[in-house]
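Protein chains in written order, with this note's numbering: chain A, 1 to 348; chain B, 1001 to 1356.
No lab work stands behind these hints: they were computed from the structure.
Since the structure is predicted, the reported quantities are computational estimates derived from the model, not experimental observations.
Accuracy of the hints is not assured; some may be wrong.
Straight-line Cα separation of at most 16 Å, EDC-like style, residue types lysine to aspartate or glutamate; simulated pairs [claimed, not checked]:
1) B:Lys1281 - B:Glu1229
2) A:Lys172 - B:Asp1036
3) A:Lys279 - A:Glu265
4) B:Lys1063 - B:Asp1036
5) A:Lys172 - B:Glu1229
Some, not all, of what chain B presents toward chain A, calculated at C-beta under 7 Å [said to hold, decoys possible]:
6) Gly1065
7) Glu1066
8) Pro1073
9) Leu1074
10) Met1082
11) Gly1085
12) Cys1112
13) Arg1120
14) Arg1122
15) Gly1123
16) Leu1125
17) Ala1151
18) Ala1154
We treat Cβ as the ideally placed atom computed from N, Cα and C, and that holds for glycine.
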Amino acid sequence: MTIKAVQGAVDDDAAPLTHDQLRELYTLMAAVRHLDTAAVAWQRQGIIPGYAPELGQEAAQVGSGYAVDRTRDFVFPTYREMGVARAMGLDMVGYMSTHKATWHGGMYNPLESRFAPIQAVVAGSVLHAVGWAHGQTLGGAQDTGVAMTYFGDGASSQGDVHEAMNFAAVMKAPVVFFVQNNGWAISVPTERQVAGGSVAARAAGYGIPSLQVDGNDVVAVYEATRSAFAHCRAGNGPVVIEAMTYRRGPHSTADDPGRYRTLDEERLGAGEDPLERFKQRLLADGVADEAFFAEAQRKAEEEEESIRAGIADLGPRPGAEMFSLVFQEPTPALQSQATEWRKESEHA
Amino acid sequence: MPETTTAEPTATAAVGIQQLSMQQALNRALDEILADHPKTVIFGEDCGQLGGVFRITDGLQAKHGEGRVFDTPLAESGILGMSVGLAMAGFHPIPEVQFDGFAYPAINQIVCQIARMNYRSRGTLPMPITLRVPSFGGIRAPEHHGESLEALFAHVPGLKVVSPSNPHDAYHLLKYAATRPDPVIFMEPKSRYWQKGPVDVASADANTAAHDGGTDDAGSLTGARVAREGRHLTLVAWGAMVSRCLQVAELAAEDGIDIEVLDLRWLKPIDAEALATSVGKTRRAVVVHEAPLTSGLGAEVAQLITQSCFATLKAPVERVTGFDVPYPSGDLEDEYIPNIDRILFGIQRVLEYRRG
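The whole structure should be built from the sequences, with the hints applied where relevant.
See below:
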């Protein structure tokens, strides 16, 4: 049993994934694993100043992101959703440019990609998802677009998550609250972060159906997310999905997990590697063979090299953007500051 | 002395000029915004059926529907965070926080989200949000129901701040703010909600002279307004303090002191040109605001004046403000909010200033 309905039933009569789709999921996970591992190395090599790795969360991210319909849905990430971005087909140089310190929100177009700007205030964007979703229902359309918002067990301690769940439930907004419970909020374990046993359990208090899913099982995550989307699209209001996973590496490249857990604890807590586990399943089911996995790895490496080259080629942004992107209609004071800056930095 | 803004319509009042309270003017503006702009939505605590605790949204839900005007749960961060998502979905949200002090629970959404999303998204996600904040004291309300947050808002990159002082400006500034592509904090002087004045709905520029006996300079909604012309000293104020400064000017006139009152209106961006023009002429200035003195907007205004008028100033710019104390209880409110005497003392300090 990899999906546990904590409360309420979610209708889903969709067909099971085809072999092609299963292979695509693996290819995505392999790409994400390799890019994520590489990004940590880039930081050590000085190519980027920092990164928030997601080692171990590939199934939770790829499985959920794969369920998004980019023609009508919208995703609200924090800063650790690289796998979701990749599964949704984002421009990954644009995505990684945040970690290059090129531009806070990334250099991709959020409207075209349906992926809101990366941001560091966890739980801040959970409310944005509710507002966006309510906007869909204001249009009165059937089969509406769904907002999916990502946050972690740590962010679930923020008041905004409570306000968002309450608002969404009261307004029946089509929102999927996708919690990646990765066991840790930097150094604080879930049991000292989340009262009430789990985030999914809290949903009951809002009358929101919730699912707890094995976040290391990409197919289970995909199916849970697909069900949640169907539930929202049918006008039944929000759903909470809590994907139980494990952040295997540090919180960020500046973190030292050795200060708060041992390697033995990490091995025990992390459970099965989601990528290896999916591989064994595909092998056992005859969906893919070793040649396929080798090819997936080769493609992942090729992709990473191209993204790394793209990142390396990113020059600093023109300083004038600092001024010109604050407002749609800049203030006179800001314009004169920009003029002064140009003069004094001899860029004029 | 009688408030000039409560005067009956005069025989000279043009057709189309109506006597409205600021509450009525704001209500009418919102009504017209909803009618003219289908993507506008109004929401907050009690905004729907009740029409808001100050009745600013009175009747709007019945007329425009529950999809356009709706009640939210009691949670300011939720209201403002929701505004961000609605703006991302192409709406023009006009949220309300019920009282100024309740903007504090939403400060993360205002500062970290609303103010930054355009920047963060490189201009692809504008935030055309007009946050209506019933502001300032003067109504003997409980704690947190009367605060002056203008310096806090004006300090945040990405926000614009405006405060009307009379019904005419309230009507036009709200209609203007609500159609801008950037977030505007609209600070309504709640102590002035029930004061009537002429509103020329047809013209944003005209009539500013009529309501408080002064004359208008450029009349543009994007800048300051000369509420009263004078030669000896400029009083700079905004929101509820404008009418008090006009009262002070009338009293000073009895002693032969001719005071100009500049209604700043926009607190970000501040109309530096209007300050330079006015103080360039009078060579003396006093800034009046309800907010605490230290790091208040008065310091910003004084600096702008110093920059443009240093050579001709006859005295340092004075400030008459609230004190560096939490906004006091109703019984002490009159001691805290700049009153006529304190403003007159400020004027006296400037007039009597002697170098070295």
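Right, here's what the structure says about each hint:
Using a Cα cut-off of 16 Å, the hinted pair Lys1281 (chain B) and Glu1229 (chain B) holds, with the two alpha carbons roughly 10 Å apart. Of the pairs offered as hints, the one joining Lys172 (chain A) and Asp1036 (chain B) is violated, with about 28 Å between alpha carbons and a cut-off of 16 Å exceeded. Using a Cα cut-off of 16 Å, the hinted pair Lys279 (chain A) and Glu265 (chain A) is violated, with the two alpha carbons roughly 24 Å apart. Between the alpha carbons of Lys1063 (chain B) and Asp1036 (chain B) the distance comes to roughly 13 Å, so the proposed pair stays at or under 16 Å and holds.
Simply put, Lys172 (chain A) and Glu1229 (chain B) have alpha-carbon atoms about 55 Å apart, too far for the 16 Å limit, and the pair is violated. Annotation: Gly1065 (chain B) was flagged as interfacial toward chain A, and the flag is violated, the nearest CB pair being 10 Å apart, outside 7 Å. With 7 Å as the threshold, the beta carbon of Glu1066 (chain B) stays out of range of chain A, its nearest partner Cβ sitting at about 10 Å, so the hint is violated. Taking 7 Å as the C-beta contact cut-off toward chain A, the hint placing Pro1073 (chain B) at the interface holds, the least distance being around 6 Å.
For Leu1074 (chain B), the suggested interface contact is broken, since its CB lies about 10 Å from the closest CB of chain A, more than 7 Å. With a cut of 7 Å, the hint placing Met1082 (chain B) at the interface with chain A holds, because the nearest CB-to-CB distance is about 4 Å. About 2 Å separates the beta-carbon of Gly1085 (chain B) from the nearest beta-carbon of chain A, less than 7 Å, and the hint is met. With 7 Å as the threshold, the beta carbon of Cys1112 (chain B) comes within range of chain A, its nearest partner Cβ sitting at about 5 Å, so the hint holds.
Annotation: interface hint on Arg1120 (chain B) holds; nearest CB of chain A at approximately 4 Å, less than 7 Å. Taking 7 Å as the C-beta contact cut-off toward chain A, the hint placing Arg1122 (chain B) at the interface holds, the least distance being around 6 Å. With a cut of 7 Å, the hint placing Gly1123 (chain B) at the interface with chain A holds, because the nearest CB-to-CB distance is about 5 Å. For Leu1125 (chain B), the interface hint holds, since its Cβ comes within 7 Å of a Cβ in chain A; the closest pair sits about 6 Å apart.
With a least beta-carbon distance of about 15 Å to chain A, the hint placing Ala1151 (chain B) at the interface is violated under the 7 Å criterion. Hint status for Ala1154 (chain B) relative to chain A: violated, with the closest Cβ pair at about 10 Å, above 7 Å.
Of the numbered hints stated above, those contradicted by the structure are hints 2, 3, 5, 6, 7, 9, 17, 18, listed in ascending order.
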